[in-house]
Amino acid sequence: MDNGSISPLDLSMIANDGDATPKSLQDGSPSQGALMANTNPNHRNGEPTTHITNDLLNALGHQHSNQHVTTATSPKHRSTPPAHNHNNSNTSPCHHSQTPSKAKAKAKTKTKTVPTSTPRPYRTTATASSPIFRLPGELRNRIYRYALHDAKHAIELTPSSWASHQPALLRASTQLRAEALPIFYLENVFAAEVRDWSARVQGRLRDLCAAHGLRLKHRRHYFVGAPHWGNLAAWLREVFEGRSVGVSDCVGKVRGMERKIVGVMFLLARQKGMACRCEGCWGELERVLLAQRELLGMGDPRWLD
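Converting from the sequence shown to our numbering requires adding 19 to each position, the first position being numbered 1.
Hints are all accurate, no fakes.
Below, in silico cross-link-like pairs of lysine to any residue (SDA-like), each with a Cα-Cα straight-line distance of 25 Å or less: (1) K291 x S217; (2) K279 x R256; (3) K171 x L200; (4) K279 x G316; (5) K236 x V208; (6) K279 x Q311; (7) K236 x A166; (8) K279 x A245; (9) K291 x R262; (10) K291 x G222; (11) K236 x I162; (12) K279 x V243; (13) K236 x E175; (14) K291 x L235; (15) K236 x G292; (16) K236 x E260; (17) K279 x G302; (18) K171 x E157; (19) K236 x R278.
None of these hints come from the bench; they were simulated from the model.
Sequences are here, hints too, so could you generate the full structure?
As structure tokens, this is what we get:
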């Protein structure tokens, strides 16, 4: 007999009136239940115990439950839908139990707002309804010239005044700035400070005009500080490469022979650059400029430092 199976003889014995002792035990023939009873430490002096009956009942109940696990279900359990596959996120019960408010809140948490890193220098709002833009273009240009043009004084540009050299009118709106900016830069005279022969301010003015497609017509250079050959050589290299302009009007300490020698240097750099801008041509020009440096040193020894 296989383990866990119940014979008809055992079932008939369990059906007796309270007699749970198998017939095989009464006749003295050993059986599987008897062997289990004899090896049980609770069995004393050969007295029969209820462990045999319990083993049979347990085996019977286990077999009965295995046979009716799918058929002995109530109507309530029959109507239960199959379980969801939790490995699939689309069919998860949690996915269907979300309310619309929670879904919206979850979507809001994923939204990222990127703030602007730098503020705009002027307003960009629409100004078509402003009264000034209802006027003809000729009248607007006359208003811009009255507000932005100074025929008597040059606009001095220094490292400290560079950030505030533009009038506030140019920051009023995008359209006004586009219309008035050429008048401000093309009709005014700018005096760029050249400290120790460094063309840094003049270069910033050049880059600003190039960004707006403008080309300065009236420019001056105001020289302050001491002679510095390194700064002058860098300026001459920019003129040779076409990235800068030379001295158009010298005001300040550059006078006499020094002014003439420096003027010749800028003229040579511009002409040589127009002919050829390769590295070899710059080497030839640099040797000529070093000879001119000796002449500058005769007037001021600081040029030789």
